[in-house]
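Take a look at the letters that make up each chain.
2 protein chains.
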Amino acid sequence: MSRVGYLGPKGTFTEMAAEEYRGTVAEYIPYCDIKVLVKAVVDEKIDRAVVPIENSLQGAVTLTLDLLLKYDLKIVDEVIIPITHSLLAADVVTDLDDLDHVVSHPQALAQCRAFIDEHLNCNVHTADSTADAIKRVAKAGPNWAAIGNYHAADYYDLSVLRNDIQDNEENWTRFVVLAKEDSPQTGDDKTSIICSPRDDHPGALYEILKEFAQREINLTRIESRPARKMIGDYIFFIDFEGHRSEENIQLALSNVEEIVAWIKLLGSYPQAEIQAD
Amino acid sequence: MSRVGYLGPKGTFTEMAAEEYRGTVAEYIPYCDIKVLVKAVVDEKIDRAVVPIENSLQGAVTLTLDLLLKYDLKIVDEVIIPITHSLLAADVVTDLDDLDHVVSHPQALAQCRAFIDEHLNCNVHTADSTADAIKRVAKAGPNWAAIGNYHAADYYDLSVLRNDIQDNEENWTRFVVLAKEDSPQTGDDKTSIICSPRDDHPGALYEILKEFAQREINLTRIESRPARKMIGDYIFFIDFEGHRSEENIQLALSNVEEIVAWIKLLGSYPQAEIQAD
Chain A
1 MSRVGYLGPK
11 GTFTEMAAEE
21 YRGTVAEYIP
31 YCDIKVLVKA
41 VVDEKIDRAV
51 VPIENSLQGA
61 VTLTLDLLLK
71 YDLKIVDEVI
81 IPITHSLLAA
91 DVVTDLDDLD
101 HVVSHPQALA
111 QCRAFIDEHL
121 NCNVHTADST
131 ADAIKRVAKA
141 GPNWAAIGNY
151 HAADYYDLSV
161 LRNDIQDNEE
171 NWTRFVVLAK
181 EDSPQTGDDK
191 TSIICSPRDD
201 HPGALYEILK
211 EFAQREINLT
221 RIESRPARKM
231 IGDYIFFIDF
241 EGHRSEENIQ
251 LALSNVEEIV
261 AWIKLLGSYP
271 QAEIQAD
Chain B
1 MSRVGYLGPK
11 GTFTEMAAEE
21 YRGTVAEYIP
31 YCDIKVLVKA
41 VVDEKIDRAV
51 VPIENSLQGA
61 VTLTLDLLLK
71 YDLKIVDEVI
81 IPITHSLLAA
91 DVVTDLDDLD
101 HVVSHPQALA
111 QCRAFIDEHL
121 NCNVHTADST
131 ADAIKRVAKA
141 GPNWAAIGNY
151 HAADYYDLSV
161 LRNDIQDNEE
171 NWTRFVVLAK
181 EDSPQTGDDK
191 TSIICSPRDD
201 HPGALYEILK
211 EFAQREINLT
221 RIESRPARKM
231 IGDYIFFIDF
241 EGHRSEENIQ
251 LALSNVEEIV
261 AWIKLLGSYP
271 QAEIQAD
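Line by line, the protein sequences are chains A and B. Just so it is clear: in the first sequence, position 57 is 57 by full-length UniProt numbering, and no numbers are missing. Just so it is clear: in the second sequence, position 149 is 149 by full-length UniProt numbering, and no numbers are missing.
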């Protein structure tokens with residue numbers, strides 16, 4: 001039975017992702033700070049942490065990548081959630097024309113631009129997060145609406161006026177579940193590593209990828225991050241299909257180890273499908 | 001003589017980057033919306049657009065990558081600017097203890113966490129951008145301060161109380177200058193391409209990188225973006241040393257063209273060094 005922490009507050013997409021985690025859960029605990037959340041696993045205050053790692057529109061969640069680099073934790077599972085936006089207001093509001101103000105995080109506002117322009121004759125306000133916008137609307141008058149997760153309406157006694165108001169339908173976020181030990185082989189697994197080439201010679205990344213290509217190991221993602229020391233000096237986050245206990249994966253990893261400055265195995269875990277709404 | 005548009009308002013780091021552009025400039029024009037700015041080059045309302053593409057802490061500016069994908073523009077130059085944060089307040093403020101409120105963009109606040117905790121006994125407020133925070137402080141009472149670019153102080157009649165208040169010193173942003181035609185060879189050039197592998201077979205990226213590695217062409221950056229159609233389907237933004245007019249670059253590019261679904265040449269341009277403060 002796991003104590004599962006997630007990046008809160010309640011009613012966020014990360015809470016939805018935490019609920020999709022395929023382990024046995026004793027308790028879900030929201031944390032408001034991602035660094036405190038991840039540190040809580042390191043310090044064994046909780047058993048699992050659910051954090052966003054990649055969004056199809058915004059790219060990598062760099063803070064999560066930096067925490068994976070810093071702490072010695074493993075990825076035990078992944079969850080992919082489609083991101084949809086809803087318009088939330090007090091129960092008494094039935095007509096969009098009754099609204100004078102709409103509030104949300106700037107990214108959510110940007111993703112609902114067409115809906116706002118076509119359907120809302122409102123002053124537009126920004127909030128620190130969609131959860132913050134929803135909290136503000138719960139306290140404001142009935143002429144206010146928030147754009148956010150429909151899932152949060154219940155927590156704040158609000159109603160959903162419209163669902164799926166985002167412009168672009170290809171919006172999903174991938175979350176990872178972090179723990180002290182990774183997962184056993186299931187037959188449909190993925191493995192994540194971080195590595196840094198030994199020096200900046202031509203073909204450094206090519207030589208790393210060769211070890212996977214020669215063994216027909218399919219890369220599912222590659223992300224580069226500046227190593228912060230100087231421009232042009234990168235570290236690579238690489239995801240590929242297979243489990244670290246498989247022989248061809250072990251061979252590839254031991255050969256990569258020979259040619260890089262350092263490598264960190266983030267763990268093997270069962271692959272996710274996008275969860276339906 | 002170029003009309004150079006940049007992502008404004010005045011006093012931002014993008015304005016500083018625009019001023020480092022190594023062409024002859026007739027006029028600098030701030031634009032508040034990056035999409036409108038880039039479209040202005042497409043429509044020939046301006047000759048050059050200066051936009052951020054990558055930050056060492058935040059990663060890629062995904063909106064810029066998406067605009068490079070959408071429009072047929074070329075990169076003609078790049079500028080790298082170290083990002084530093086300053087504390088700005090009205091001229092009459094001399095003591096940090098006189099401050100009751102500090103305001104900035106959430107990312108700037110996060111990057112100055114240690115300074116705020118140690119030196120400011122203030123309510124912390126968020127703004128849409130550091131420029132927005134500075135504008136608010138210019139209108140607010142003398143017990144307010146903004147965290148932002150020292151460069152903006154003059155525009156709003158504010159004083160700089162402290163410089164370099166950021167926690168991490170390795171913070172830089174790379175900007176690119178966009179135009180309708182790219183740059184001639186200088187002998188110290190970089191080339192940027194976008195490409196998409198033909199299908200998701202193992203080694204698709206490896207085969208692309210092989211064309212560069214075999215010719216000792218040094219990759220300076222690789223960034224993957226989801227192709228938005230489905231998860232696991234990526235496009236790659238690749239930067240490498242050399243100019244498109246060099247023979248080995250031409251050979252590499254024509255071989256890459258044979259093995260990818262599509263490729264887009266974003267242009268060749270002189271390499272930048274990090275600009276000193």
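Hints are not guaranteed to be accurate.
For identical chains, the list gives no copy identity; a pair is met inside one copy or between any two copies.
Keeping only pairs whose Cα atoms sit at most 20 Å apart, straight-line, the calculated SDA-like set for lysine to any residue is [as the list claims (entries may be wrong)]:
no., residue 1, residue 2
1, K210, T220
2, K139, H125
3, K190, A40
4, K210, T186
5, K190, V36
6, K190, A272
7, K210, T94
8, K35, D167
9, K70, E170
10, K135, V124
If you are wondering where the hints come from, they were derived from the structure by calculation, not from laboratory data.
Could you check the structure against the hints above and give me the numbers of any it violates, in ascending order?
3, 4, 5, 7
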